[in-house]
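**Q** Listed in order, the protein sequences are those of chains A and B. Under this note's numbering, think of the first position of the first sequence as 1, with each following residue one higher. Under this note's numbering, think of the first position of the second sequence as 1, with each following residue one higher.
There's no promise every hint is true.
Which copy is meant is left open, so a pair is good if it fits within one copy or across any two.
Derived DSS-like pairs (lysine-lysine); straight-line CA-CA distance at most 25 Å [to be verified]:
#1 Lys202 to Lys244
#2 Lys171 to Lys213
#3 Lys202 to Lys227
#4 Lys244 to Lys72
#5 Lys244 to Lys18
#6 Lys189 to Lys56
#7 Lys213 to Lys56
#8 Lys202 to Lys9
Hint data in this document are derived by calculation from the structure and do not stem from the laboratory.
Spelled out from the first residue to the last, the chains are:
Number of protein chains: 2
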Amino acid sequence: MTPTIELIKSHRSIRAFKDQPISQETINLLVEAGQAAATSSFIQACTVIQVNSIEKRQQLATMAGGQSYVEKASTFLVFCADMKRHELACEMNDAQMQSGFTEQFITATVDCGLFAQNVAIAAESLDLGIVYIGGIRNKISEVSDLLSLPELVYPVFGMCIGVPDQDPDVKPRLPLSIVLKQDSYDDSKDRELLADYDKHVKSYYHSRGSNTKEMGWTDQISGMLVKEARPHMLPFLQKRGFIKR
Amino acid sequence: MTPTIELIKSHRSIRAFKDQPISQETINLLVEAGQAAATSSFIQACTVIQVNSIEKRQQLATMAGGQSYVEKASTFLVFCADMKRHELACEMNDAQMQSGFTEQFITATVDCGLFAQNVAIAAESLDLGIVYIGGIRNKISEVSDLLSLPELVYPVFGMCIGVPDQDPDVKPRLPLSIVLKQDSYDDSKDRELLADYDKHVKSYYHSRGSNTKEMGWTDQISGMLVKEARPHMLPFLQKRGFIKR
């Protein structure tokens with residue numbers, strides 16, 4: 001165990017922040033930490049929009065489904081998968097870019113994930129709290145317009161960062177034995193393991209300090225998955241030049 | 001600056017490893033660190049296959065385009081986006097899962113990115129080195145068969161982990177001002193910034209200890225993007241239940 005691993009294992013999302021600003025110097029440091037992540041074939045496909053405008057923050061909070069901390073957090077960053085810069089690189093070298101491949105969508109999206117997780121850990125190492133905001137994809141077209149994102153750029157998720165004004169528990173994760181498999185995908189014990197895990201999650205929700213509920217993991221997940229999942233995503237992405245082939 | 005941020009900023013991929021095993025206890029600790037990452041709506045969509053079999057390692061090294069360190073690294077993990085577990089959760093609750101949404105593909109893929117980056121940083125905090133292996137997507141269908149991955153599971157990337165037997169330089173990243181934008185996507189200065197960055201990258205490649213070359217960033221990227229990017233990905237993913245709508 002190292003202090004860094006202890007830090008990583010203590011993660012929980014923070015949704016209430018103190019009214020305490022973060023300096024631009026610190027934000028720059030966090031984004032530089034993001035840039036230090038591995039990047040597929042050096043594509044560096046993540047661009048971050050730091051949203052300072054109060055009006056834009058309010059609109060983003062609404063678009064994300066009424067998540068007020070998007071407005072209230074000291075810092076709000078939007079992580080964008082960006083192949084516009086690659087188009088420019090091609091132009092600068094008189095090359096014709098072949099775009100629209102699903103593979104490129106994966107590499108750009110994964111780049112954003114690795115980048116953002118570095119930002120998250122760097123922030124937490126400074127005693128800041130963070131929460132990812134996937135909710136911006138509720139209104140991905142409106143969010144893109146609000147931030148003037150061009151074709152070949154899409155907002156993957158946002159992130160609130162600030163000084164925590166709450167201290168929630170760490171949520172119990174799936175048992176290691178279901179998540180880490182040896183040499184091949186064997187799920188013969190998964191049903192049993194999930195049933196046990198359900199009990200564990202129920203007891204966690206039941207006993208935690210606030211927002212107690214009676215719910216396991218499988219019922220929570222199944223309740224979510226019987227519904228459509230943002231069906232506008234594929235047409236939006238294709239319009240913006242992604243996943244066309 | 002914190003020790004964790006210093007660690008993050010010192011990342012470079014390691015492709016040569018000492019012949020020194022990593023204990024299962026340590027691997028478990030790394031995967032638990034991965035599990036601690038944020039996960040979209042608590043879906044926990046990442047499953048890790050730890051590949052121990054020498055035969056499978058050799059085959060994976062070949063499938064990844066002849067990357068011998070896939071065979072030689074002490075540990076090789078394959079990070080899979082996994083919605084099979086969600087299907088089981090639905091079954092256990094007599095619910096009918098709606099699958100195939102691009103949105104679900106994004107959340108599961110991003111989950112793997114955040115998870116894996118935690119594993120990477122945790123490993124580096126233990127003085128281990130890592131390299132992501134996107135090359136397994138060269139032969140994604142064969143890799144999936146080799147690891148017996150069912151429908152609704154796809155291998156996003158692999159990761160070699162081991163004790164470093166090399167000490168490469170940190171590669172210079174894009175200028176912060178091109179990657180971090182304020183309030184909206186303004187790329188009016190990007191061409192100029194990329195031209196400067198090209199010089200910087202050229203000088204880095206020219207002066208580094210080994211594998212010197214004459215190349216900037218934009219020419220490297222454009223050389224790559226004039227080619228098709230794994231055109232088999234979309235049909236493969238659709239066959240496995242992803243990106244169908």
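**Q** Pop the pair Lys202 and Lys244 into one bin, within, between, both or neither, using alpha-carbon distances up to 25 Å.
**A** neither (42 Å within a copy, 33 Å between copies)
**Q** At most 25 Å between C-alpha atoms: does Lys171 with Lys213 qualify within a copy, between copies, both, or neither?
**A** Close inside one copy (13 Å), not across copies (48 Å); limit 25 Å.
**Q** One pair to classify: Lys202 and Lys227, alpha carbons no more than 25 Å apart. Within, between, both, or neither?
**A** within (23 Å within a copy, 51 Å between copies)
**Q** Check Lys213 against Lys56 for me: Cα-Cα at most 25 Å, and say if that holds within a copy, between copies, both or neither.
**A** Close neither inside one copy (34 Å) nor across copies (45 Å); limit 25 Å.
**Q** With identical chains treated as interchangeable, where does the CA-CA distance between Lys244 and Lys72 reach 25 Å or less: within a copy, between copies, both, or neither?
**A** neither (37 Å within a copy, 37 Å between copies)
**Q** Pop the pair Lys202 and Lys9 into one bin, within, between, both or neither, using alpha-carbon distances up to 25 Å.
**A** Intra 21 Å, inter 39 Å, cutoff 25 Å: intra-copy only.
**Q** Using 25 Å as the alpha carbon limit, work out where Lys244 and Lys18 are close: within a copy, between copies, both or neither.
**A** neither (44 Å within a copy, 43 Å between copies)
**Q** For the identical chains here, do Lys189 and Lys56 meet the 25 Å Cα criterion within one copy, between copies, both, or neither?
**A** This pair counts as between: shortest inter-copy Cα distance 23 Å, intra-copy 48 Å.
Hint violations for this structure: numbers 1, 4, 5, 7, all remaining hints satisfied.
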